[in-house]
Amino acid sequence: MRCPYCATQNIAGVDVCSECGADLAGLDLPEAQRGFSGRLLGDRVGDLKLARPIVLAPEVTVAEAVARMRDERSGCVFVAHADKPVGLFNERHLLTHVLRAGLDPAATPVADVMTTELVQLEPDDPPAFAVHCMVSRGFRHLAVVSNGALVGVLSVRTILAYLNDDLISG
Amino acid sequence: MSTDFDQLLVDVRLNDLPRRRVCRVEPSTTLGEVYRRLDEERGVAVLVCDGPSLLGIFTERDILYRTALEGDPDTPIGDLMTSDLVTLSSDGKLVEAIGTMSERGIRHLPLLGPRGEEAGLIGGRDVLKMIAEFFPETLLNLPPRLDQKMRRPEGG
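The listed protein sequences correspond, in order, to chains A and B. When the letters of the first sequence are read in order and numbered with my numbering, they come out as residues 33 to 202. When the letters of the second sequence are read in order and numbered with my numbering, they come out as residues 24 to 179.
Hints may contain errors.
What the hints assert, rightly or not - Straight-line distance between alpha carbons at most 30 angstroms, and here's what the computed DSBU-like set of lysine-lysine pairs gives:
(1) 81/A - 116/B
(2) 81/A - 152/B
(3) 116/B - 152/B
(4) 116/A - 81/A
It should be emphasised that the hints constitute simulated quantities derived from the structure, not laboratory data.
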């Protein structure tokens, strides 16, 4: 079984995670897989309705990034260097780092105002990880990465749709 | 499939849950002032009010799509706000908020009290926080960094 805390694969039925020492007793029992709580730990983020990420080069201006977000109805762009995601720019960074800082969107490279703190999830990770990052650490957009490649963006909207379609109506 | 505990979550009302502080402005407030308030108060949207009555909403998304590139900071927010509002009763259920947000594609829902008065705002992340409070074991008791590995079982 996979440890929900550090994602290490453990032998089925172990009481304690071999990597992080978390208590796994009872986690693989059918009881734990019932209801919301079990689904949040048992489902895969790769199966959620992920949005297609917009990926830009670091030298692209904020004005171009904003135009792309508006045209593609998205709230964030990823910044990649040699195909590797290195940062993220969203509507909050636009307000606090550009508009309030008095910078000219047409003259500011997106790499100057993006955050380099990227949360990367794997498709096999449970939705609980995503909700945790959003609630405890304040992230709005998480990168879903498979073999180093960005395959999707998981937003608050993605989680709301999951809660609504899969857990409440389903 | 669901448990009694899940039923509790389905029944919970927005009134029973803690509410985030709301940025309220008047229609004459300028766009530049709205930027300042949202930045300093860490708000995601302002509610445009005339006393107790709600006139409109202006969100971060409006900034991104409409005002960031061509907005004049002296424009009164009353000219920019969305006045065709989707609202929820402050006595409504959490699941209604999730349904409305998800189906209408709206992340910020103003709440109205029993007499139609403005009664706050609920956003998508507030919903996730409420859900997390129901499942602290599942959602909050994870390590601060998910890639963090404890070297020893006691974490020391």
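For the pair supplied as a hint, residue 81/A and residue 152/B, is the alpha-carbon distance within the 30 angstroms limit?
holds (21 angstroms)
Is residue 116/B within 30 angstroms of residue 152/B, Cα to Cα?
holds (15 angstroms)
Hint consistency between residue 116/A and residue 81/A [alpha-carbon to alpha-carbon, up to 30 angstroms]:
Answer holds: residue 116/A to residue 81/A is near 23 angstroms, not above 30 angstroms.
Straight-line Cα separation of residue 81/A and residue 116/B no greater than 30 angstroms?
Judged against 30 angstroms, a Cα distance of about 24 angstroms means the pair holds.
Checked against the numbered hints given earlier, the structure satisfies every one of them.
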